[in-house]
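Student: Please build the complete structure, drawing on both the sequences and the hints.
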Amino acid sequence: MHVPDGFLNAPVSVATGAVAAAAVAVSLRGARRELAGAAAHHGAERTAPLAGLVAAFVFAVQMLNFPVGAGTSGHLMGGALAAILVGPYTGVLALSVVLLMQALLFADGGLTALGTNITLIGVVTVVASYAVFRALVRVLPRRRGSVTAAAFVSALLSVPAAAAVFTGLYALGGTAEVPLGKVLTAMLGVHTLIGVGEALITTATVGAVLAVRPDLVYAARGLARPLVLRSGPVATPGAGPVPQAATTSTTTSTTTSTTTSGTTSGTDGPAEAPAPATRPASARKVWAGGLAATLLCAGVVSFYASGAPDGLERVAGEYGISTEEEEHGLAGSPLADYGIASIADERLSGGLAGVIGAGTTLAAGTGVLVVASRRRNARATAGAAAAPAADGGAGRAESDTGRTPAGNA
Amino acid sequence: MGAGHAHRLYRHGHSPVHRLPAHTKIAAVLAFVLTVVATPREAMWAFGAYALLLAAVAALSRVPARHLLTRMLIEVPFVAFAVLMPFVAQGPHVEALGMSLSESGLWGAWNVLAKGTLGVAASVLLASTTELREILLGLQRLRMPPLLVQIASFMIRYGDVIADEMRRMRLARVSRGFTARGVRQWSVLAKTAGALFIRAYERGERVHLAMVSRGYTGTMPTADETAATRTQWSSAAALPLAALAVCLMGWWTL
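For the protein sequence lines, the chains are A and B, in the order given.
The opening position of the first sequence corresponds to residue 1 in full-length UniProt numbering, with each subsequent residue numbered one higher.
The opening position of the second sequence corresponds to residue 1 in full-length UniProt numbering, with each subsequent residue numbered one higher.
If you're looking for bench data, these hints aren't it; they were derived computationally from the structure.
There may be inaccurate statements among the hints.
What the hints assert, rightly or not - Where chain A lies over chain B, by a calculated footprint (3+ residues, C-beta under 8 Å):
| hint | segment |
| --- | --- |
| 1 | 18 to 25 |
| 2 | 34 to 46 |
| 3 | 116 to 124 |
| 4 | 140 to 154 |
| 5 | 185 to 193 |
| 6 | 231 to 242 |
This one's a predicted model, so the numbers in the text were calculated from it and none came from an experiment.
From the three backbone atoms N, C-alpha and C, an ideal C-beta is built for every residue, glycine too.
Tutor: Structure follows, in structure tokens:
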């Protein structure tokens with residue numbers, strides 16, 4: 001979303017231009033420090049090629065279309081991504097250069113609105129997301145998963161932040177009397193939605209980079225654990241099987257990378273297969289946790305559940321649909337209307353009914369599953385068809401396609 | 001890299017507009033657009049005069065009108081926004097075409113449409129008559145920080161390379177039977193973006209090492225130091241000065 005000419009009046013355009021120029025000047029100085037890497041004296045000469053290539057990356061990645069469905073697609077804005085991957089100063093520089101080139105070469109975004117565009121898309125998103133990211137990383141435990149979570153939240157917040165600043169600028173120098181409250185709500189609503197998309201893409205991208213080159217992610221540089229040297233018996237020819245510990249360095253690196261890709265991609269959708277190494281051990285834990293949570297919800301949280309009718313019931317009631325609703329056939333049963341008939345205390349009765357209901361559902365569901373899996377096993381052992389289990393096969397295939405681009409690198 | 005390093009908007013030519021030094025053109029376009037934005041929206045005739053001025057420059061540059069008009073289509077999303085404005089703005093309403101439209105909203109829509117269109121037209125004209133390298137050199141002569149100019153030139157130089165990498169990754173995905181249909185495929189696309197970042201960054205490191213090994217110390221040698229003559233500056237200033245006269249007339253007649 002680039003602001004065109006004439007959207008904001010001349011004084012506000014000039015003022016945001018001054019803000020943008022100051023931010024770029026500060027970033028030029030800061031980027032030398034960020035890009036210096038290991039050798040501090042290389043700062044000045046590393047800045048131009050690296051920031052230029054990062055700008056080219058931002059420019060290219062804005063052309064990568066992410067289908068939303070129904071024929072529409074969106075693209076990344078890249079502020080939060082650049083801030084996390086290369087640091088705030090370089091991020092501001094890269095986005096400013098991209099916006100400058102878009103304004104001059106592609107006539108995208110007005111020339112007088114260039115300062116506004118740099119301030120909004122370059123400075124606000126980058127600074128907001130980086131500040132949120134650093135704050136979250138400081139609070140959360142030092143793990144890869146918290147980097148992912150921080151990336152998600154910071155990218156999500158950066159887009160509405162820019163929208164809010166835009167509304168503020170519009171209040172100062174807008175050229176039409178649009179009700180500001182309405183504009184703010186509309187802008188925040190729409191841009192929160194956009195922010196969710198931005199956050200999903202940013203998180204997955206940061207996760208992909210973390211899995212392959214964690215040293216490149218600027219914002220997570222302090223979080224890398226130092227390598228541990230483990231000593232073990234060395235394999236000698238003819239001395240029997242090699243103990244597991246002898247191959248420490250390679251094994252640790254591969255397992256960390258697989259677990260990282262598993263945990264980071266776990267946030268972005270159901271299409272992911274969990275890390276294969278941890279699957280059998282954690283299945284029982286997940287099952288037990290789910291059972292405990294279900295029982296807790298059914299027994300305790302339902303005390304506090306709202307007694308008001310839910311959305312569908314309410315709409316039905318208002319529009320007279322519910323008058324045609326027939327009394328349920330089991331209305332006379334001991335558990336009707338989520339309570340136990342013979343117990344007077346309303347809360348206790350509701351809770352017990354919940355527990356019993358959840359237990360029954362669980363038992364029925366488990367029974368069906370057990371029967372189904374026995375049948376499948378029987379078919380598989382008897383079978384000529386060596387078809388893999390449907391869910392596992394699909395998940396594995398998905399994750400294979402997922403690896404492909406990275407594998408080409 | 002085989003193709004020429006001309007951008008999509010540029011159109012080769014030898015007109016007086018093409019020959020002007022880039023920095024005079026950039027300064028002139030910037031001053032022109034600022035003048036347009038500062039014009040009161042009630043002076044409708046002024047915007048017609050601006051359009052005539054731009055048309056005169058376009059005729060002088062011998063860039064076909066079709067070339068300019070098709071490139072101006074980038075403005076379409078804002079036209080949609082401007083059309084919405086009369087319906088959401090508040091204040092006194094007027095009846096037109098059987099709808100109740102806000103008066104200030106109509107003025108706002110007109111304002112955005114007129115000024116935005118003129119701005120886009122001026123930018124397209126600049127980009128059509130000025131080469132990429134010239135624009136970067138012009139920015140440097142206009143005292144933009146040299147480091148920023150270098151970053152921009154690296155971005156332009158490697159933008160096509162990175163875009164080509166992305167195209168090859170897309171081919172690799174497609175040849176493995178991948179089609180992006182919805183949100184479920186985002187993780188694959190995001191991994192592409194991650195791989196693209198790693199490749200871009202590593203290429204930057206290689207470029208840096210290659211340049212250092214050829215004696216790069218952080219500054220680029222300037223090839224030509226030809227300053228614009230007084231006549232070139234004055235002919236470039238003709239457009240913004242005429243626009244300024246129109247703008248002052250607009251304020252005066254108000």
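Student: According to a criterion of three or more residues whose C-beta lies within less than 8 Å of a C-beta of chain A, is the segment 116 to 124 of chain B covered?
Tutor: n = 7 at 8 Å, threshold three: holds.
Student: Would you say the segment 231 to 242 of chain B counts as covered by chain A, given the rule of at least 3 residues with C-beta under 8 Å?
Tutor: Result for this restraint: violated, n = 0.
Student: Residue count check for the segment 18 to 25 of chain B against chain A: does it reach three with CB-CB under 8 Å?
Tutor: violated (count 0)
Student: Count residues of the segment 34 to 46 of chain B with a Cβ under 8 Å from any Cβ of chain A, then say if the count reaches three.
Tutor: Coverage by chain A holds for the segment 34 to 46 of chain B (5 residues, Cβ < 8 Å).
Student: Using C-beta distances, would you say chain A covers the segment 185 to 193 of chain B, given that this needs three or more residues below 8 Å?
Tutor: holds (count 9)
Student: Check, residue by residue, whether the segment 140 to 154 of chain B contains three or more positions whose beta-carbon lies closer than 8 Å to a beta-carbon of chain A, and give the verdict.
Tutor: holds (count 8)
Checked against the numbered hints above, the structure violates hints 1 and 6; every other hint is satisfied.
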